[in-house]
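Visitor: Next come the chains, spelled out residue by residue.
Number of protein chains: 2
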Amino acid sequence: MKSLSLSKLIHNTEISLRNIMNKNLHVVIMAGGTGTRFWPYSRNDKPKQFIDALGTGRSLLQMTYDRFAASVPNENIWIVSNEIYRDLLSEQLPELRQDNILLEPLKRNTAPCIAYAAYKIKQQDPNAIMAVLPSDHVIFKEEKFLEVINTAVEGCDDQALITIGIEPNRPETGYGYIQYLDDVDNPLKPVKTFTEKPELDLAKKFLESGDFVWNAGIFVWSVKAIISAFEKHQPELAETFEEGKEQYFTENEASFIKDAYAVSKSVSIDYAIMEKADHVNVVLGDFGWSDLGSWNALHEIKEKDKDGNVLEGDILTYQSKDNYILSKSKRLIVAEGLEGYLIADFNDVLLICRKEDSGIFREFVSDVKEQKGDKFI
Amino acid sequence: MKSLSLSKLIHNTEISLRNIMNKNLHVVIMAGGTGTRFWPYSRNDKPKQFIDALGTGRSLLQMTYDRFAASVPNENIWIVSNEIYRDLLSEQLPELRQDNILLEPLKRNTAPCIAYAAYKIKQQDPNAIMAVLPSDHVIFKEEKFLEVINTAVEGCDDQALITIGIEPNRPETGYGYIQYLDDVDNPLKPVKTFTEKPELDLAKKFLESGDFVWNAGIFVWSVKAIISAFEKHQPELAETFEEGKEQYFTENEASFIKDAYAVSKSVSIDYAIMEKADHVNVVLGDFGWSDLGSWNALHEIKEKDKDGNVLEGDILTYQSKDNYILSKSKRLIVAEGLEGYLIADFNDVLLICRKEDSGIFREFVSDVKEQKGDKFI
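These protein sequences, in sequence, are chains V and E.
In terms of our numbering, the first sequence opens at residue 1376 and continues consecutively.
In terms of our numbering, the second sequence opens at residue 1376 and continues consecutively.
Source of the hints: derived by calculation from the structure; they are not laboratory data.
Please note: incorrect hints may appear among the correct ones.
To be verified - A short, non-exhaustive set of chain E residues, derived as facing chain V with CB atoms under 8 Å:
1) 1691
2) 1693
3) 1706
4) 1707
5) 1709
6) 1710
7) 1712
8) 1720
9) 1724
10) 1725
11) 1732
12) 1735
13) 1739
14) 1751
This one's a predicted model, so the numbers in the text were calculated from it and none came from an experiment.
Glycine included, each C-beta is placed from N, C-alpha and C at the ideal position.
Bound conformation, chain V alone (with noise of 0.2 Å):
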């Protein structure tokens, strides 16, 4: 290997994913977010999911679509965003065909809008094997990531509902977790139980347990499973989005879908169908997962001073430690006795808070939008 040239081992590597990648396997990606626990980084015309937040270049959309560009063609890779951001998604993912870019028109969690990538999708390719994922996470072992899917792409029938199980390191309070039936010899485990994000105690027994990952929301399943599992489970959502079938992939598309969202329920996948259905499977992994579901999370993986501060501006700092604290607003920053804050100060607005309360910040955005109208929202 080692007289190999770097560009003969970028083509070899390459070719090895493009291989190893099922040519049938499509990549969806959620991207409909309002980031409210990042806010006021996250606002309702960018939100996280289009920020580039890790200073990388690429946000973190960008960067859910780079992980799979070099093994899945383009015409495979579909994003579901809310139409409000139409013209954000053509700047940042100018790869793909307008086709690829599923618009919602309202809000309406997860389910309706895997069941509309999932019938366009049969449109295309009814032997599509489908991975489904969010597009804030990061993922730091993106080879180990891409193992994982396709030891579940090889795994799936037409029956099989696969998702994602991330290895505890420890007990988080802030995913749900899946319990599961270890089956050593086969990579897809059954599912016994779906958790709620648990309180300190209960998590820690999850992890003593030894059979609880973390539910990364992460899922891979062939089209025909997952419309299988809707007309089983969800057949209202089914019947709805059946009826798309002379207008995907048309001009009156869009016009579709303004009827379907406006009749269809808000439900997540998660609810709707995988605490519900039958063949739910787990694969395991650990690839260097984080949601980066809240600030805290963001400070976790960024680099530190020798007093654990994340900073990201012109900052001075006494006596402080163990803080977040960003400005996009030009200031100078000065800040003494401080620890374990988040201060994200911007132009028109200035958050100073404790940096795991992420809970707060639904509360946050809607008194702010109560008291002041959309405008820092």
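On the provided structure of chain V, position chain E as indicated by the hints.
Guide: Positioned in the frame of chain V, the structure of chain E alone reads:
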């Protein structure tokens, strides 16, 4: 009294004050400070004394002037400040003649400042009595204050050097103390000793002792008495300013003062005279005084919400108490989980620090100046 109209009452009060106040009384207001401990509110180009810190529509300097304006004629009110504040002074105190605004070319602490005033006033009125005051204190009970000043004035002769001592109500560690011999019959109490700012334990002992008062930095003496004291204890300063006899009140005064300050040592009146001299007395007072020496002091006197926060600006708070949040930038501020902090939000600078830590401001200002130059200072 109740049958008098309000305007007659005010008129009568003014007459009373004018009758109370000795017609030889000259008020000298020291307005040269840089207000470092109120950075970034206080800046070099507009320090603390020129700011409407209390939201009354008048700056601290103007409020100091106002305190005497009804009872002391304008030609007997003098300001000593730095020449860089020439325009601010004219703007804020248009009632005063140029002659009454003494401009220092250099910072030399309070002894040269007072010497300049004393020698110039002597020129106008050899029998003058001087009340020397800082420009940035706050006094809530102004009538009581004037009575105390009057008591001191009435006690002046050719030798007495009088300072005003505030009856302490807590073991304050931010003020120097004065120990006195409690001569019950005489409002002028001989001073036994001046102390530095004490640690808490010592401050408590001072309080228990019952013969200690806070040093307010307010002085009353006849021009004759202070000049005798300079001649005895600071002969170089005495000689320097005596030499201005022909220059005071002429167009040559500024150039004389430039030379005078170049050769004057920088020393406080306390160290130069008060701690050395004979005939040093204290008159006790209790008139709602604060030196406003820190943001914490400002927080104490301002109106607070039910959580003990002073909020000045567009601010939402969550689980936050006992904070001082001041926004001059028009930003929306959201603060959560903070207790006892100062947030001072300006267009160019944001400062967040523990409200109590006033000692560190010197370091802030010095570091910012060193690292960023003068633009934030």
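Visitor: Which constraints among the numbered hints does this structure fail? Numbers only, ascending.
Guide: none
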